[in-house]
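**Student:** One-letter residues, chain by chain:
2 protein chains.
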Amino acid sequence: MITLHYLNDSRAIRVLWMLEELGVEYELKKYQRTKEMGAPKALREANDTGKSPFLIDGEVKLAESGSIIEYLQQKYDTENQFSYERGSSEWVDQVFWTHFAEASLMPPLVVALIFNMIDGKAPFPVTLLTKKIGDQVRSRFVTPSLKANADLLEEALGKHEWIAGSQLTIADFQLAYGAQAMLGRGKLDLPNLKRWVKQVENRPAYLRAIEKGGKVSMPR
Amino acid sequence: MITLHYLNDSRAIRVLWMLEELGVEYELKKYQRTKEMGAPKALREANDTGKSPFLIDGEVKLAESGSIIEYLQQKYDTENQFSYERGSSEWVDQVFWTHFAEASLMPPLVVALIFNMIDGKAPFPVTLLTKKIGDQVRSRFVTPSLKANADLLEEALGKHEWIAGSQLTIADFQLAYGAQAMLGRGKLDLPNLKRWVKQVENRPAYLRAIEKGGKVSMPR
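First to last, the protein sequences are chains A and B.
Going by the working numbering, the first sequence opens with residue 5, and the numbers climb by one from there.
Going by the working numbering, the second sequence opens with residue 5, and the numbers climb by one from there.
Hints are not guaranteed to be accurate.
What the hints assert, rightly or not - Pairs of lysine-lysine, BS3-like flavour, derived with a Cα cap of 30 Å:
hint, chain 1, residue 1, chain 2, residue 2
1, A, Lys136, A, Lys202
2, B, Lys125, B, Lys45
3, A, Lys163, B, Lys151
4, A, Lys135, B, Lys135
5, A, Lys39, B, Lys151
6, B, Lys65, A, Lys125
7, A, Lys202, A, Lys216
8, A, Lys39, A, Lys191
9, A, Lys151, A, Lys202
10, A, Lys45, A, Lys216
11, A, Lys45, B, Lys136
12, A, Lys151, A, Lys135
13, B, Lys125, A, Lys125
14, A, Lys79, A, Lys65
15, B, Lys125, A, Lys135
16, A, Lys45, A, Lys65
17, A, Lys135, A, Lys163
18, B, Lys55, A, Lys135
19, B, Lys216, B, Lys151
20, A, Lys202, B, Lys55
21, A, Lys39, A, Lys216
22, A, Lys136, B, Lys33
23, A, Lys151, B, Lys39
24, B, Lys33, B, Lys219
25, A, Lys39, B, Lys135
26, B, Lys136, A, Lys136
27, A, Lys191, B, Lys125
28, B, Lys163, A, Lys151
29, B, Lys33, B, Lys45
30, B, Lys79, B, Lys216
31, B, Lys135, A, Lys125
32, A, Lys135, A, Lys125
33, B, Lys65, A, Lys198
34, B, Lys163, B, Lys191
35, A, Lys125, B, Lys136
The hints are simulated quantities; they were obtained by calculation from the structure and are not laboratory data.
Just need the whole structure built from these sequences, with the hints factored in.
**Tutor:** Here it is as structure tokens:
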């Protein structure tokens with residue numbers, strides 16, 4: 005029996021969505037973020053790492069969305085419904101986007117979030133200074149990275165229905181949260197990404213995931 | 005023929021090391037960071053994404069260390085010298101650490117670096133304030149994340165020679181840069197990680213990579 009430790013409003017939605025697409029049985033253990041957006045003590049007590057998502061499947065105990073998704077694909081997706089054939093050109097794209105999701109897409113979003121939180125907390129007139137520091141980081145790192153990511157996503161999603169081709173794959177599962185966060189910022193015109201996110205959010209499996217895990221609201 | 009676009013002093017060392025371990029022929033195109041630590045214009049002109057590492061192999065053009073490493077393993081490591089058998093428990097660990105490298109290990113290191121750069125740039129007495137902001141981010145995000153990562157690494161490397169078992173795998177390639185950066189900070193006592201980094205740096209293939217690509221110095 006699979007158990008998923010699931011922190012609300014988090015990238016763990018990727019795994020929950022995949023479990024619903026696979027149609028396997030699982031138990032969902034939900035945890036609520038603290039007021040400071042951190043993981044609650046209960047989650048740190050529930051698994052050694054305090055991480056979410058965290059999957060338990062018999063002997064296997066696994067953290068990291070990317071590795072959980074690869075593990076589930078290998079074990080439960082026996083007909084390769086969610087993966088291209090290893091070595092094919094679409095598979096290369098699938099592998100690229102699976103890694104892109106955490107290695108390129110998330111970092112500027114997280115850094116932007118940190119500086120937005122700083123801006124929101126500092127009292128006036130200190131905000132004048134913190135905003136100036138934040139603006140430097142934004143203009144030198146956040147904005148160019150987001151733009152580069154957006155260009156790559158728009159190009160790929162202009163060519164085919166899903167991120168790696170005509171087939172929904174683990175790369176789509178892994179991308180969803182970051183893509184939604186990017187759209188949530190509302191600062192870039194991303195018609196193809198918007199179309200893709202709508203496709204994701206209209207999947208019956210995604211709707212079931214949201215119903216069970218709760219709506220995912222995007223931090224700005 | 006493989007071509008690798010390689011930015012000095014960067015996580016691209018992972019791919020260069022792997023190419024040397026594989027013993028395949030390749031052409032190395034080196035690029036130097038700008039004074040502000042960014043990628044030079046020449047790299048942005050050399051490949052569509054401006055990314056490093058960037059691998060060209062016939063029709064395949066690929067960015068992201070993680071995906072390049074998976075691609076090279078699939079195509080050139082025909083005897084699975086650097087990968088456990090898919091589905092085995094060591095393979096699950098290998099997949100975990102491959103994703104951990106970018107998703108968990110790098111983010112606190114990058115955020116720490118950004119705040120250290122801010123501290124270094126601000127004039128006195130502004131530093132008093134920037135340091136205070138930085139300290140909050142460090143105590144709430146950077147330090148706990150680094151500590152959690154360190155605990156996981158120390159535990160795994162206390163159990164076996166390489167990160168996923170007795171075999172050197174792509175997970176070790178993918179971890180190297182972040183592990184070196186973590187040791188370079190010198191703030192945590194990490195005997196097992198230190199032993200593992202020494203093992204990495206003593207590999208003949210790693211020494212050849214450094215000779216060809218230049219020494220990798222770790223930003224603090």
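**Student:** Against which earlier hints does the structure fall short, listed by number upward?
**Tutor:** Going through the list in order, the structure violates hints 1, 3, 6, 17, 19, 22 and 28 and respects the others.
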